[in-house]
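Trainee: Residue-level listing of the chains:
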Amino acid sequence: MAASMINNLVKSFGLLKIENPCVVTQRFKAYGSKFKQYKRGSRLTPPTSTISVRYVNPQVKIKKYSLHPVRLHKTGGRGPDGAIAVHGHGGGHKQRLRQIDFKRHGKEDGSTLVEKVLAVRYDPCRTADIAVVACGEKARYILASENMKAGDLIESTNKLSGVIVKPVDGNAYPVGALPIGTIVHNIERYAGLGGRVSRAAGSCGQIIRQLPEQSIIAMPSKREMVISVNCVATVGRVSNVGQAKKPIGSAGRNRWFGKRPNSGYYQKKDGYHGRKINPPKKPIEYDIKKPRGKPSAVYRLTF
Amino acid sequence: MRFSVVCFSKPARTRLFWYQLWKREGIYKEPLPQIPNHMRKQKEIPIIDPLKEEAVKEEWKPPVPDDLQFKQAPTVKEYPNYNENPAYIYIRSCRLTEGMKQACILTKSVQCEGFPQPIQSLIGKIHIDNEEKLLQRCIMQSQVWDSTHVKLPKRGDLENVGFKFTREYGIPRARRMDVFVQGLMRLCQLTSLQYPSVLTDRYIVSDSYLTSNYLFKEKRVSFEGKCKYLVLSDRPMLRFADVDQVEESKEHELPDMYPISPLISLQKRHDYTLQNIAGLEKDFTHSHPHTIFLMNTNFWTESQRQASAMMFAFGHAVASAKNLYGEDVKVLPEPVCVQCVNASETTLNFTFFQLNTLDLSNSDGIKNFVWFDTSNHLFQYQLRQPWKGPDYLSTIYHSFNPEGFHKLLAVFLANTPEAYDQNNDKIEAVSQ
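Top to bottom, those sequences are chains A and B. Letter by letter, the first sequence follows residues 125 to 427 of this note's numbering. Letter by letter, the second sequence follows residues 6 to 437 of this note's numbering.
Hints listed in this document are in silico derivations from the structure and should not be mistaken for laboratory results. Each hint should be verified, as a subset may be incorrect.
To be verified - Here are the simulated DSS-like pairs of lysine-lysine, each with C-alpha atoms no more than 27 angstroms apart in a straight line:
#  : chain 1 : residue 1 : chain 2 : residue 2
1  : A       : K231      : B       : K273
2  : A       : K290      : A       : K188
3  : A       : K231      : B       : K48
4  : A       : K218      : B       : K156
5  : B       : K412      : B       : K233
6  : A       : K262      : B       : K82
7  : B       : K169      : A       : K383
8  : A       : K218      : A       : K370
9  : B       : K169      : B       : K159
10 : B       : K82       : B       : K156
Given only the sequences and the hints, what does the whole structure look like? Please build it.
Mentor: If you want it as structure tokens, here you go:
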């Protein structure tokens, strides 16, 4: 119905043009009937391929990378729709965002990338420290590992050579090249999409088993995950170890970090006093070939 | 068909009602195209399928030109100084990450410490009357006695992090530095009774402009910027290093900063000019750069400050060498020498540069020379710390040391004929 209406409008004026109108109908239907189901955090999130008209000034380079920190606005825990998404956020000291590169890949021709660590710095937006590394005429921020310091040379590759390498702290390799039992951080779920797992201060995962095309890794939560052999991970623990055990000092200092007061003392369910202990969960398997989620389509309205 | 309250009334329950209703209302007619008012007078209006063709639209020009605030910014190719090949441009705010080492690679020069030999001999031999008193007055004039009263930036102290300072009013940092350097230059010019060529043979330019360029390993590097004061003289500077010393530099090996390129901290741009200007654009009797005065309002390390001073001295030397010996000169027949005074609030740093070659494509052959003399504290100060007691309620100035001023006198009076004549006479008298 809606599609025919739009097509009629389009025919009548001869001015408005929408590419791929079949997607438009999906979107109308979705938001018309099932709007209440699309809650935040639930699985029934709205489809990613909706209309999104972007008014882009060609003068401004959006993708330009720089070491200069970017201005960051406080959300107060609210999402883009204005509703509370995360509880307990609000206030705090002003922060600026450092654009951190989680992709520790090699060069385009497949050779290893050697970089020099210029400095290890504090970052207000995360618990871990960050490192400024440079190679050639390019410099970038990465996550600092535990023993990283200024003046070190670090390597990163994303190509399997078929030989098990000797892991060095701070270097990045594909998971299939590492021996069993090595401690890793900044682990990719899908090959080529950047590290996602274990990026908090002091956290680490461990390689448990190697299969011919997959490798099994224990996440910081002790749950296992199955990923492709080509996924890149950095050797060692994340920097700023023992950050969680440092006393904050006062309730006021906690507010400086943008955390609001919460009630109660969190206690883990340990099976004492007849509490139920659930059996360990199955390992999460991430598909090798097709990563979850589609790239969002862009439709242009022209007059 | 719309479902309304009528459908749920009593007659709606009969089958005939639904039959008649569906016959009457169950038709959807496509609405006719709505023609805008201004197009109604036209007889034939072409209707286009937008999925297959594109509508032809006439360009509309506004009768009155648009306001400037809505004007689109020009693209890079529309800039007046656009070039196809990009160049690496050094400006004053470029911070060299590796400091003096990186600057030595960029300029192909040998690093030495201290003063060069001809200027070292002048230190401590030139004096002015009431030297300490005048110097202390100069410091007090810049720090305390100046009449500017401006809101100063917020202050914090690492010794007491949570302390809340009351907002302060006074002399801003840049102003303090400017007054201090002007006073020092005036004190240096007081020697004109003994050495009159300080006034006759010199010409001081403030906020002088610099552009010059050279090829570093087949890549164009250009300088753009201003220095606070530039002292020009009517004759070129005498060479700092001997001919033998220059020939020995063939065996010197330049430092390496693998895997980083030394061009990392420079800007890569398409808009630049290929002029050579060091202070003055036209020909002038006093056109040889003598000393450059730079000021630092930043919080860089001493090595990075010295590197910026060295790059500016190199830029001035390149511009004057190209004006003297032509654009395509490689090995200079006579070296070009430039001095630089890099001043901060309390300290003076000196750099001396001697340009021997402009052949920077390789790291072989003759090299240039640079001398660094860092951290000559004339005085030091401690800002107020009220939590310590009544003695710390105002800023404290301490550890006065006039040694750096003696060095500045030697730098300022370098290349004056009277100073060297007097020096030689003294040496001869001692030898006899």
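Trainee: Determine which of the earlier numbered hints do not hold for this structure and return their numbers in increasing order.
Mentor: 2, 3 and 10
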